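Chains Z and V, in that order, give the protein sequences.
For the first sequence, position 102 matches number 102 in full-length UniProt numbering, and the numbering has no gaps at all.
For the second sequence, position 41 matches number 41 in full-length UniProt numbering, and the numbering has no gaps at all.
In case anyone wonders, no lab produced these hints; they're calculated from the structure.
Treat the hints with care, since some could be wrong.
Short derived list, chain Z residues pointing at chain V, Cβ under 7 Å [as the list claims (entries may be wrong)]:
| id | residue |
| --- | --- |
| 1 | 50 |
| 2 | 155 |
| 3 | 157 |
| 4 | 165 |
From a predicted model like this one, the values you see are computed outputs, not experimental measurements.
A virtual CB, placed ideally from N, CA and C, is assigned to each residue, including glycine.
Single-letter residue listing:
2 protein chains.
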Amino acid sequence: MVTAREPKQDRSRATRLRLLEATIASLADQGWSATTVGVVAEKAGVSRGATQHHFPTREDLITAALDYMFDTRMDDARRESTALPPGLARTEAVVERLVEYYTGPVFKAALQVWTAAAADPEMRARVLPLEDKFGRVAHRMAVEHLGVDDRDPQTHRLVQATLDLARGLGLADVLSDDSRRRGEIVRAWAGVLDSSLKMNKGEIAAASG
Amino acid sequence: MVTAREPKQDRSRATRLRLLEATIASLADQGWSATTVGVVAEKAGVSRGATQHHFPTREDLITAALDYMFDTRMDDARRESTALPPGLARTEAVVERLVEYYTGPVFKAALQVWTAAAADPEMRARVLPLEDKFGRVAHRMAVEHLGVDDRDPQTHRLVQATLDLARGLGLADVLSDDSRRRGEIVRAWAGVLDSSLKMNKGEIAAASG
């Protein structure tokens, strides 16, 4: 809670956070065009002046929001990793959780920004480094949670394919609730992935043994 | 070529086609906001009046363009299916071609429309039946080209997953050329898909034998 006795820098941080969260919510619900600095400031209950003090341009606000929310999701993911079961159930849990990220509001907000950036060179230049970072961090997280050896090229590609699948499932959920079909796909792929990774591990062991 | 001696209805059809193609090109290159009836008419070299005779609203023009271009791609796919090799090479060729559709201009145009429809209830109502149709037709096409039995639930889910993967790979190609990485993913996926479909077939035969 923000109170009158809170130090100034904590208040400033809380204001910044409200703006970032309002930006993601606005992008996910109202879309790219409707997400202006004015709309976000009003949604967050922050004055226009204070908003522009934190984020001089709309592009600054939007890229900061995506970056911050992605980091927050990954921090959550790091904490959740301690509770993973072993074996096939682990692979299923990891694929399920990955797919959850790609169907949540941060993905839906990112999709608005990516699509706008396709036809906007300035935005594209800002988004490309984020895309690179998100891809690398999500991949590393998936490898750690699956507990596999990413130095093996086939393992690397199957983890990449799992992230691509998750992105595709995210896109299929944009206009309607696709959760029932998605659940079946996640289980089917997790089964195939689990035996492919194990088979691959066996082949590597046999080749080096 | 449109000539003065061409019958009126052929000229009308040619005009319509030019408008549909200009709409897809404009959506894919300039994005949703820039794709107005005026911009498309100018790009196609068609008068504003003639454009509105064919397509009374922007929404009519855009949904007709997606629908027509999708049907055209699928007609091409039907003709290409005669040249498929057997075995794993067939699975690879089918996955590769599917992924090609999802990285081409029709997908890039559709992505603009889907993303806009996420925050636009009227557009969403128009796009949902298209999404349903595109999904069904692409699935049937993939099943035919792979030569598998879609009545088996696991086969059905793996074909669905392949379409979801293709969609995810399409999205990864929107801001930068992802073709090198994509080629590796397609080959890895096709290998896993091919052995899973074969294994599945063997299990069904054993269970019913």
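Exercise. Identify whether the interface hint at residue 50(Z) stands, where standing means a beta carbon of chain V within less than 7 Å of its own.
Key: violated, 26 Å
Exercise. Double-check residue 155(Z) for me: the hint is only fine if its C-beta lies closer than 7 Å to a C-beta in chain V.
Key: Since chain V brings no Cβ nearer than about 10 Å to residue 155(Z), farther than 7 Å, the hint is violated.
Self-check item: Supplied contact hint for residue 165(Z), tested at 7 Å Cβ to chain V
Solution: Hint on residue 165(Z): holds, closest Cβ of chain V at ~5 Å, below 7 Å.
Quiz item: Taking the least C-beta to C-beta distance, is residue 157(Z) closer than 7 Å to chain V?
Solution: Interface hint status for residue 157(Z): holds (4 Å vs cutoff 7 Å).
Violated hints for the displayed structure, listed by number in ascending order: 1, 2.
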